[in-house]
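**Q** Chains as they are written, first to last, in our numbering: chain A, 20 to 184; chain B, 20 to 184; chain C, 20 to 184.
Hint data in this document are derived by calculation from the structure and do not stem from the laboratory.
Mixed in with the good hints there might be a few duds.
For chains that are exact copies, the list does not tell them apart, and a pair is met inside one copy or across any two.
To be verified - Okay, derived cross-link-like pairs now, DSBU-like style, lysine-lysine, Cα gap no bigger than 35 Å in a straight line:
no.	residue 1	residue 2
1	Lys59	Lys21
2	Lys59	Lys71
3	Lys180	Lys21
4	Lys21	Lys68
5	Lys180	Lys59
6	Lys179	Lys21
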Amino acid sequence: MKVLNEQSPSRSLVNVEAGENVRIFNFVNAYGCSIGDNTKVGSFVEIQKGAKIGRNCKISSHSFICEGVIIEDGVFVGHNVTFINDRYPRAVNADGSQQTEVDWTVSPTLVRRGASIGSSATILCGVTVGEGALVGAGSVVTRDVPPGAVVAGNPANILKKSSPR
Amino acid sequence: MKVLNEQSPSRSLVNVEAGENVRIFNFVNAYGCSIGDNTKVGSFVEIQKGAKIGRNCKISSHSFICEGVIIEDGVFVGHNVTFINDRYPRAVNADGSQQTEVDWTVSPTLVRRGASIGSSATILCGVTVGEGALVGAGSVVTRDVPPGAVVAGNPANILKKSSPR
Amino acid sequence: MKVLNEQSPSRSLVNVEAGENVRIFNFVNAYGCSIGDNTKVGSFVEIQKGAKIGRNCKISSHSFICEGVIIEDGVFVGHNVTFINDRYPRAVNADGSQQTEVDWTVSPTLVRRGASIGSSATILCGVTVGEGALVGAGSVVTRDVPPGAVVAGNPANILKKSSPR
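Excised from the complex, chain A in its bound form:
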């Protein structure tokens, strides 16, 4: 692992731990995260601190990987995929004061080895996407996806119990 720091027109990288042969395209904002060997990160992607991405993954353009997300090896994240880490987000507290990091706790999300998340999917927090599962494009995933299953819809339901390869 090496640590990447770059402030350029193409990329804003702050303390990004990167394995061998990681490729990060232009217009990317990433900080305090880790990215495994051979993984590609597309344009207009933001990856927040504490997010962990495995080896041989593809993180496609316009996606957002937040704090609390762990993505294992060989995962495909489509374009415009959004992860979430707070089920009841608020800008301000009940007394009207602005929320800060101490006002909320991160709900974790786990994407298991070899899963694929279709473009424009939204993955709610506290969810596990099982090994080799396939989340259909445009789905809103609100609960765990079993290993190998195909899910789709808003909210996402199981279409097939085993997914094609």
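Knowing the structure of chain A, use the given hints to seat chains B and C on it.
**A** Just chains B and C now, with coordinates in the frame of chain A:
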């Protein structure tokens, strides 16, 4: 209020009225809008002319705030949220000529104080999101959301009449 | 047609064939595609190699046009619209090796003259959107849209057989 103008690799800001302590992250495109005190604007956000954003708001990455949108104080706008100001958009007129600003009228949208809009939500035009309401992640909001309600789905329906804090 | 190449803080353009009066805004990533006369391309848009966009189109901010997509003249593509070219995407092959271009084939998508695709819509691959059709905001289009029809929802269904102008 001061007026921000900046053309840099990080930001394109043209005539942005900004209050005290506004924070605008990198890769942001904003013009002719106003942003209240203490509000934060994330990466890959576009804010169009005439949009008004209140104080103590959080506008998260990848969101699009168009002309005709008014966001009151203390509102949370999640990641990848899209507002709309034209219910029947067209690139060209019936005669095949390109549309210009004179060919359409803006339908306004109002987000009331303290509301939260979940990530990846789409808010159709002509809609009011009530005070303190919570729009679930991935929802498509096609009609008014009552104050304090929780809505979700495509189209969004009421899940609870009062939202948690 | 001229060929645009630009590496600047505003734009990354590589071998983009552009007609007369094409306007490309800032924070755009486009390569190996063609864009017809008078078409506008908004911020945070990515257009991949082989994509073809006609004349007098509007491609709004945050949209993603992938390889295999053909957009005819006078088409409106809203904000945050995502096209797809692979129904079963994977990052790795069954043996765990990373996929490359030889491991998948592109499924084409066609958007006919004068159609409008609402913001945040997702268009699955292998689909034709008919002439003058209107795809509602936030829709997930999984099958062909007849000419002139209005569709909406996830999955998108026909709301009206003929669309307003």
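**Q** Confirm or reject each hint.
**A** So, going through the hints one by one against the coordinates:
no., hint, verdict
1, Lys59 to Lys21, "both (16 Å within a copy, 31 Å between copies)"
2, Lys59 to Lys71, "both (14 Å within a copy, 25 Å between copies)"
3, Lys180 to Lys21, "neither (40 Å within a copy, 50 Å between copies)"
4, Lys21 to Lys68, "both (16 Å within a copy, 32 Å between copies)"
5, Lys180 to Lys59, "within (29 Å within a copy, 43 Å between copies)"
6, Lys179 to Lys21, "neither (41 Å within a copy, 48 Å between copies)"
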